[in-house]
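K.L.:
Sequence:
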Amino acid sequence: MGNFIIAVISAFAASASAACDRSLLTAATTDLYTSQTNGKLTGTSFANNTSIKYTENRKAASIAQGILSHSLTINHNRSQHDVAQCAAFSEYIVTGSKPYVIATQLRLDNSTNKVAQIDSIVTTTGDWLFNVTGTAYWAAQEKWDMIPEGKRDSRAVIKAAADAYCDLFNDKTVKVPWGSPCARLEGGMYTGKGQASDRCDVGVPNGVKLVNRQYVIDEEYGTVDIQMDFAGTAGVGGGLPDSHEFR
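Numbering (full-length UniProt numbering), first residue to last: 1 to 247.
For the record, the hints were derived by calculation from the structure and aren't laboratory data. Treat the hints with care, since some could be wrong.
What the hints assert, rightly or not - Cut-off 20 Å, straight-line C-alpha distance, at most; resulting in silico cross-link-like pairs (SDA-like, lysine to any residue):
1) Lys159 / Lys209
2) Lys143 / Thr50
3) Lys98 / Trp144
4) Lys143 / Ala116
5) Lys159 / Phe169
6) Lys193 / Glu142
7) Lys59 / Ala116
8) Lys114 / Thr30
9) Lys114 / Thr50
10) Lys114 / Thr42
11) Lys209 / Gly238
12) Lys159 / Trp178
13) Lys40 / Lys98
14) Lys40 / Thr26
15) Lys143 / Ala196
16) Lys114 / Val83
17) Lys114 / Asn48
18) Lys209 / Glu149
19) Lys40 / Ala19
20) Lys175 / Asp198
21) Lys159 / Glu149
22) Lys175 / Asp153
23) Lys175 / Lys193
24) Lys209 / Pro148
25) Lys172 / Asn206
26) Lys209 / Thr173
27) Lys175 / Trp144
28) Lys159 / Trp144
29) Lys59 / Asn75
30) Lys209 / Asp171
31) Lys98 / Phe130
32) Lys59 / His70
33) Lys159 / Asp201
34) Lys53 / Gln214
35) Lys193 / Thr133
36) Lys98 / Ser71
37) Lys40 / Thr30
38) Lys40 / Val83
39) Lys53 / Gly235
40) Lys53 / Gly39
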């Protein structure tokens, strides 16, 4: 079935260093974007590139042979930044002749201010529900603005909401704080119809464990990305490489 990336879009009312400056993280995601378009690591954020831990689709890999070695024209990108964990997340959609949807988490060492870990989940033709045209169209409809400070949820609330959704896949009794309206984008399939009654609690499987979760949480935007193993084994791995992003 391949790899897959899911975004859940709604109105939800690690091996990382300690907190770092947000500007450091935005510089890192800018350098990541430049690196992906150039097909090689570029920028001061990757100065320690020989020691960076790299995984692709949840397996240790070589940066020189992975997706970052390909020069790609990125048609859509969005990044979120986790100051508390000194981590960041970027989503890229590539609609060219060799299409991709890429979800990447970065983790920085704040003693050096350099990227220490890159974890990418890469999907392409043949992967589960892959339809780059649909993904690009629906992703472009979303407008994820910064949330005013007085209206932001805490990290704990954001993480708990995302965990509840993931836990629901294995236990239908879990209560998820669904937003209303709410829509899911799974591959190129979008569950929303632009109506106030749009719901996210449709078509969710049962008895499937989503384990070994790795988070990037951005309170300013109310988002969290989780990379994990779909139908995997806790502490071991296996299953399918999976990225879920929530707002």
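K.L.:
Against this structure, judge whether each hint is valid.
P.N.:
Here's how the hints hold up against the structure:
no., hint, verdict
1, Lys159 / Lys209, "17 Å, holds"
2, Lys143 / Thr50, "37 Å, violated"
3, Lys98 / Trp144, "27 Å, violated"
4, Lys143 / Ala116, "31 Å, violated"
5, Lys159 / Phe169, "16 Å, holds"
6, Lys193 / Glu142, "13 Å, holds"
7, Lys59 / Ala116, "16 Å, holds"
8, Lys114 / Thr30, "13 Å, holds"
9, Lys114 / Thr50, "12 Å, holds"
10, Lys114 / Thr42, "12 Å, holds"
11, Lys209 / Gly238, "11 Å, holds"
12, Lys159 / Trp178, "14 Å, holds"
13, Lys40 / Lys98, "18 Å, holds"
14, Lys40 / Thr26, "19 Å, holds"
15, Lys143 / Ala196, "17 Å, holds"
16, Lys114 / Val83, "14 Å, holds"
17, Lys114 / Asn48, "7 Å, holds"
18, Lys209 / Glu149, "34 Å, violated"
19, Lys40 / Ala19, "27 Å, violated"
20, Lys175 / Asp198, "18 Å, holds"
21, Lys159 / Glu149, "18 Å, holds"
22, Lys175 / Asp153, "18 Å, holds"
23, Lys175 / Lys193, "24 Å, violated"
24, Lys209 / Pro148, "35 Å, violated"
25, Lys172 / Asn206, "7 Å, holds"
26, Lys209 / Thr173, "14 Å, holds"
27, Lys175 / Trp144, "25 Å, violated"
28, Lys159 / Trp144, "18 Å, holds"
29, Lys59 / Asn75, "26 Å, violated"
30, Lys209 / Asp171, "9 Å, holds"
31, Lys98 / Phe130, "12 Å, holds"
32, Lys59 / His70, "18 Å, holds"
33, Lys159 / Asp201, "18 Å, holds"
34, Lys53 / Gln214, "15 Å, holds"
35, Lys193 / Thr133, "17 Å, holds"
36, Lys98 / Ser71, "11 Å, holds"
37, Lys40 / Thr30, "14 Å, holds"
38, Lys40 / Val83, "26 Å, violated"
39, Lys53 / Gly235, "19 Å, holds"
40, Lys53 / Gly39, "18 Å, holds"
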